[in-house]
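S.K.: Construct all of the structure, not just a fragment, from the sequences and the given hints.
There are 2 protein chains.
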Amino acid sequence: MSADTCTIGLLGHGTVGSAFADLVAARADDITRITGRRPQIGGILTRSLGDADAILAGSDIVVELMGGVETARDLVLRALRSGTPVVTANKQLVSRHGPELAQAAREGGVALRYEAAVAGIVPVVRVLGESLAGAQVDRVHGIVNGTTNFILSQMAATGATYADALREAQELGYAEADPTEDVSGADAAAKMAILARLAFGHWVHLDDVVFEGIEHVTADDMAYARQFDLALKLVGTAERVGDGLSVRVHPAFLPVGHPLASVDGPFNAVTIESAAITEITLSGPGAGGPQTASAVLGDVVSAMIGAPGPPEPHAPAVIGSGVASAFYVHLEVADRPGVLAQVAERLGLQGISVKSVIQDGLGETARLVIVTHTVSEQDFAAALDLIRALDVVRAVRAIRVIDEHFS
Amino acid sequence: MSADTCTIGLLGHGTVGSAFADLVAARADDITRITGRRPQIGGILTRSLGDADAILAGSDIVVELMGGVETARDLVLRALRSGTPVVTANKQLVSRHGPELAQAAREGGVALRYEAAVAGIVPVVRVLGESLAGAQVDRVHGIVNGTTNFILSQMAATGATYADALREAQELGYAEADPTEDVSGADAAAKMAILARLAFGHWVHLDDVVFEGIEHVTADDMAYARQFDLALKLVGTAERVGDGLSVRVHPAFLPVGHPLASVDGPFNAVTIESAAITEITLSGPGAGGPQTASAVLGDVVSAMIGAPGPPEPHAPAVIGSGVASAFYVHLEVADRPGVLAQVAERLGLQGISVKSVIQDGLGETARLVIVTHTVSEQDFAAALDLIRALDVVRAVRAIRVIDEHFS
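Chains as they are written, first to last, in the UniProt record's numbering: chain A, 1 to 407; chain B, 1 to 407.
Just so you know, the hints here were simulated from the structure itself, not pulled from any lab data.
Be careful, since some hints might not be right.
[Said to hold, decoys possible] Chain B residues, not near chain A, derived (Cβ > 12 Å throughout):
no.	residue
1	His13
2	Leu77
3	Phe228
4	Pro308
[Unchecked claim] Rough simulated footprint, nothing fancy, chain A against chain B, three-plus residues with beta-carbon under 8 Å:
no.	segment
5	46-54
6	158-170
7	270-283
[Claimed, not checked] Pair ranges (Cβ atoms, derived):
no.	chain 1	residue 1	chain 2	residue 2	range
8	B	Glu107	A	Ala177	50 to 60 Å
9	B	Arg397	A	Asp243	53 to 63 Å
10	B	Gly36	A	Gly36	25 to 35 Å
11	B	Arg240	A	Thr32	35 to 45 Å
12	A	Thr161	B	Gln342	26 to 36 Å
All figures in this text were calculated on a predicted structure; none of them were measured in a lab.
Just so it is clear, CB atoms sit at the ideal spot from N, CA and C, and this is done for glycine as well.
M.R.: Structure, rendered in structure tokens:
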């Protein structure tokens, strides 16, 4: 810990941890020029090696890349409370224990930074926390999981089924052997909780984020999306609703002109809307090892020059209800006259107006695909219950449509 | 200057200055929550009103939105040297006098921030200066002038001539009565000088930026662009070339899959490439009054929380030669056999290989449109001289093609 060096304690040495250690070595000269101090990895803690106490005591900055929640939480809290700034890429940790970590950072008088926890190298934490600190943000939409975006892009491009596209993602290393965390939307939900906090200045706990995965998306949905000129993505949304916030992750159709609609492959992108600035979009590769390591190093450089971390709110968010969406509804119905009229009547009863309909006969069964205008989600759920109760209806599925155009 | 308030001295009260004053009032509560101090406009200096000495002496932060170079330079230098942080949106000032301003900031021990000088609310200064401080940037491409992007988008969408699209931009307030600064590429050149410095860590003076405007783009060029599946934009490029840098602004064709190709209307977008992270793209509205004011306020918030400004290099850049590009070449030639062979031979002599050709007879004259593969710009210029010397050639124009694909 001399004045001319900055000793980094590295917790975790997996894919990201070792990419980070390599990057520190490769970029040490430039970082010395920018910060006036030479960064060096002091100690490394892995599951089997290293002395946590010695590493915490001997570090100018702690970088947490171990994953998991409990051990990481304990070590990060100890570092912060003893006055050592911490950089982490751990979205579970930050989205579950944000207030406690922020309190520890205040006690220690140091910064907690977590750019890499959200969208890899896409610098959305910095932009929301700093550039837009002066703007009132109205809504954030994000594609914040590269695995699911790769799978959906493959399904759209090749007509593959969900199972085949998932297998391809696994073969290419974009999906893990157990893909649940990604495909269920849980990973995206943790990231959206963090983004919502930064955008709106209120704590949002992971438990307050509603999420739904992509496991039930079919090749048929993709084919209809093409017909309606829509792109299907796993979209996270954080927005003001009445006096509260709504934070959610759903598969959603986007009109082709939407900035997120053309984001294909294992990429991330976030659109931030504000009345004063219309909207800005940030996009780039999702969280591979080198990208995440690069985002972590950006945070380390900021910590070395003494920049404060993102602003941390004191009050928890009020979770609002009354969300409105447009919907794509896919029905399998008995192929006989008057079915469309019955379905349309149920929608009409709840005040839901239809934008377009496609009907395909399949012999016994017909397929009815309806896109609605924007409606209250509560009214839509009620209409769907009425439609399910019709004896001519064999199966019903609904996917949200984000019906906004820009520029 | 009490401990609980932050007094802002505002130099300039035009469109951006008054939007900024309104925004400070509207957002004062949120800024107080984030920074612990309440921002207030102390004094305002206009051409006819205000006492510069009193404003500089009584301000915690100086915000320079007056434009012009000499008076702004004098006041900003005085503020920085006396230890008052400065936020400016003045690209001419920063691209011409960057080293002197940075030296004054070091003397005063305070930050100079200029996010709004480059791409309005699109936070490219912060991203290059902070998020990517740990990455080695290889190239930056930017659409950094909203006026020219609006004009080119209108020409592409409607088939309008340059003159008509310019007139429309003026009627809508996207272009000034004297549009020279924008349409000549000079405004984009100043912004690219600043971006190049941040990306590569060397001073680049505005005089070292080669630029070319959009005045000579024709409706015909747009029609051929569609045929070749290309989008024509005014693109600024900063990249490493050999041991030096090349910074330039030219009209350029982009393949439709390029992240900048779909940026239409008065928008800005910047793509940052680095081997480690592939590329990230930032896009949003260009510099209108409210957008610029919002970017300025983001910098003010950073200055209030004591964040350091963008890292400032000490060494000037070496301007490299040996740039390579692909080209679109538009020739008017006598309509007789063998002309294409003569032109192709001249290209071949300089080792330039042709990717595609379209030939249209117009009676007396034929039109020959050629797209080359990537070649040395020097070799291309030599080939163009040979072609111009052919007696069958009546007119030649060339536009660069950025032939890179991502993702």
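S.K.: Take the hints in turn and mark each one as holding or not.
M.R.: Hint by hint, here is what the structure shows:
1. Residue placement check: His13 (chain B) keeps its beta carbon more than 12 Å from all beta carbons of chain A (closest about 18 Å).
2. The beta carbon of Leu77 (chain B) sits about 23 Å from the closest Cβ of chain A, which is more than 12 Å, so the claim that it is off the interface holds.
3. The beta carbon of Phe228 (chain B) sits about 20 Å from the closest Cβ of chain A, which is more than 12 Å, so the claim that it is off the interface holds.
4. The non-interface label for Pro308 (chain B) is inconsistent with chain A: the shortest C-beta to C-beta separation is roughly 5 Å, within 12 Å.
5. Under a criterion of three residues with beta carbons nearer than 8 Å to beta carbons of chain A, the stated coverage of the segment 46-54 of chain B fails, only 0 such residues being counted.
6. A count of 0 residues in the segment 158-170 of chain B with a Cβ less than 8 Å from any Cβ of chain A is obtained; the coverage claim is therefore unmet, three being the minimum.
7. Residue count for the segment 270-283 of chain B with a Cβ under 8 Å from a Cβ of chain A: 9. That meets the three needed, and the coverage hint holds.
8. Evaluation of the 50 to 60 Å hint for Glu107 (chain B) and Ala177 (chain A) yields a pass: the beta carbon distance comes to about 58 Å.
9. Take Arg397 (chain B) and Asp243 (chain A): their Cβ atoms lie about 59 Å apart, and the range 53 to 63 Å holds.
10. A hinted range of 25 to 35 Å holds for the C-beta pair Gly36 (chain B) and Gly36 (chain A), which are about 27 Å apart.
11. Distance hint check for Arg240 (chain B) and Thr32 (chain A): the Cβ-Cβ separation is about 20 Å, which falls outside the suggested range of 35 to 45 Å.
12. The given range of 26 to 36 Å is broken by Thr161 (chain A) and Gln342 (chain B), whose C-beta atoms sit roughly 56 Å from each other.
Comparing the model with each earlier hint shows violations of hints 4, 5, 6, 11, 12; every other hint is respected.
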